[in-house]
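As a plain string of letters, each chain reads:
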Amino acid sequence: MDYSILDSKLKSLIQVCKETLNYKKLAVVSFILTSNILDEIGIKLGIRERLKDSNEEIYQYMKLINSIMVDNLNITLFKEDVIRDVKKIETTFINKKGNIPFKYIKEIISIYYDLRKLEVPNLYETMSNDFIDSPTNLNLYSRLFSGDQNKKSSDQDFSKEVIRQSFRKKLWLAQRELRNSINKGGFNKGAFESVLYLKGVDNTLEKSGKEKIEVKGQLKDNLSYQRSLESIYGYQFLGAMVLFLMLGLAIIVETMVFPHLTMVLSSLLLVCLGASALLFIIYYNNFREGVK
Amino acid sequence: MSSINYKFKILFLVGLGLLIVSLFLDWYYFQVFDENQELIASWSYNPFTEWSTSFSEDAAFNRLVEPSNLNIPLVINIAVLCCVVLTIYGLIYKDLEKNKTLDKLYPYAYINFTLLILNAFYIFIFPIFYLYPNRLYFPFLVYNDLELNYNFYYLIGPGYFLQLISFIIIFPYAFFYYQTIVKFETKEHSTSKVINRIIEKAQEPLDFDKLIAEESLKLKFEGFKGVDIIDKKSKKVYP
Chain P
1 MDYSILDSKL KSLIQVCKET LNYKKLAVVS FILTSNILDE IGIKLGIRER
51 LKDSNEEIYQ YMKLINSIMV DNLNITLFKE DVIRDVKKIE TTFINKKGNI
101 PFKYIKEIIS IYYDLRKLEV PNLYETMSND FIDSPTNLNL YSRLFSGDQN
151 KKSSDQDFSK EVIRQSFRKK LWLAQRELRN SINKGGFNKG AFESVLYLKG
201 VDNTLEKSGK EKIEVKGQLK DNLSYQRSLE SIYGYQFLGA MVLFLMLGLA
251 IIVETMVFPH LTMVLSSLLL VCLGASALLF IIYYNNFREG VK
Chain G
1001 MSSINYKFKI LFLVGLGLLI VSLFLDWYYF QVFDENQELI ASWSYNPFTE
1051 WSTSFSEDAA FNRLVEPSNL NIPLVINIAV LCCVVLTIYG LIYKDLEKNK
1101 TLDKLYPYAY INFTLLILNA FYIFIFPIFY LYPNRLYFPF LVYNDLELNY
1151 NFYYLIGPGY FLQLISFIII FPYAFFYYQT IVKFETKEHS TSKVINRIIE
1201 KAQEPLDFDK LIAEESLKLK FEGFKGVDII DKKSKKVYP
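Just so you know, the sequences run in chain order P and G. Numbering of the first sequence is given in the working numbering, commencing with residue 1 and proceeding in unit increments. Numbering of the second sequence is given in the working numbering, commencing with residue 1001 and proceeding in unit increments.
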């Protein structure tokens, strides 16, 4: 969003309100701006907007965002003293019906500009491809998750857990980086994006194969897709199995139509059904998990 | 494009090519050799042209052993060709990995699957519904008639062989394509637009120009000083 026009208009309004001594209007405007920016932050993070009709106050909404962020990402987005200041100013504002001291107006405008600096990433936007370490790592993950390496399901569970631990470690580091930046009074947008993305990856890995996996952006950049790619080898075996089964069934029907050919066709039938059974066993033992 | 996907995509294209070629080749041969191993009758079957022979009309024995028409519905052959054309179009212009709206690829996934079923139909149904009722044996048989001392050869042709090969080749990618579409779903490309609309709707409108103009008017006409004329829409937040 381009704030330059808004800033220049706000500046003009402040000047003209100072001349007319209409600080109430300025107070209302600054609260509306603060409320709007908080709505934007909340919605971008997947949280509902502030319930204005239910008289939910700004500081309460800030607390709500904080609690959701702590529960989900272990991050405190707004400092306690900021929330305290907002509560103090807001309570005065409501009690005095907008007639608050000018220093409070200055404070709330200052808080508004601090909130604007947060630049919260949009939870719904595509994650930058650069974040995914490298194709090598993705291949490693997909190999670990695919079933073509004669691994039993317990091995796969173990591999999955190892990868999840790796992501959780990254998540923890990103959270720490973000917390540090917030504590220092700044805001690391990149770290925040990382936290949101890693949390999403962790959730995806946790999902069972039966659920639909949501993909942001292109499929080729998605880890779950990369993981499922090797299941295509399994389908190769499955296709061959279906083919031999069809041929076997066709021969069975033939022996029923022409019973005198039973002896002649028996070896061919054995080959077809035997190959089908063998391919099924190979598929079942090696690729069944990969399909998930 | 990932190498696995690329490899199987190329294989899939090869399979589609073989499928088309197979429709124009012979699917079944029926030949008779006499005691001197001389060819005295030969018939070959193609789904478009039905039975054809290399012998002339005068060859009486050849005419005598002519198999009856199999009458495979032409519409199936046309359906296969249509599916192949649509599949190739989907493969080239609707890339699975690069497409951001997977929902739009559903028709192509179903077309791929239909093609696979039609392919399987030829492989499984052709011998059962069309060969056996006409006493034609599958997949190959040499029958020696002791009375005539003739050898009767029954053999599937290259067209049917290509059907078998193309089934093995197209199955993995067609199945994978379908499975991926079913398993994954992309968020709408316009999601960010929708989110921006939601944000806009949630935010209180602020008409700065109007507010500045009101204050300027107050300055000009002292009588208006102190009168609050904030937009009514904003009053629901801060009365």
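Derived from the structure by calculation, the hints contain no laboratory data. Hints should not be assumed to be uniformly reliable.
Okay, derived cross-link-like pairs now, DSBU-like style, lysine-lysine, Cα gap no bigger than 30 Å in a straight line [unchecked claim]: (1) G:K1183 <-> P:K169; (2) G:K1183 <-> P:K52; (3) G:K1007 <-> P:K25; (4) P:K25 <-> P:K87.
According to the in silico footprint, chain P covers these stretches of chain G (three or more CB under 8 Å from chain P) [claimed, not checked]: (5) 1082 to 1088; (6) 1162 to 1168.
Just so we're clear, the structure is a prediction, and the values are computed from it rather than from any experiment. Glycine included, each C-beta is placed from N, C-alpha and C at the ideal position.
| query | Failing hints, ascending? | reply | 2, 3 and 5
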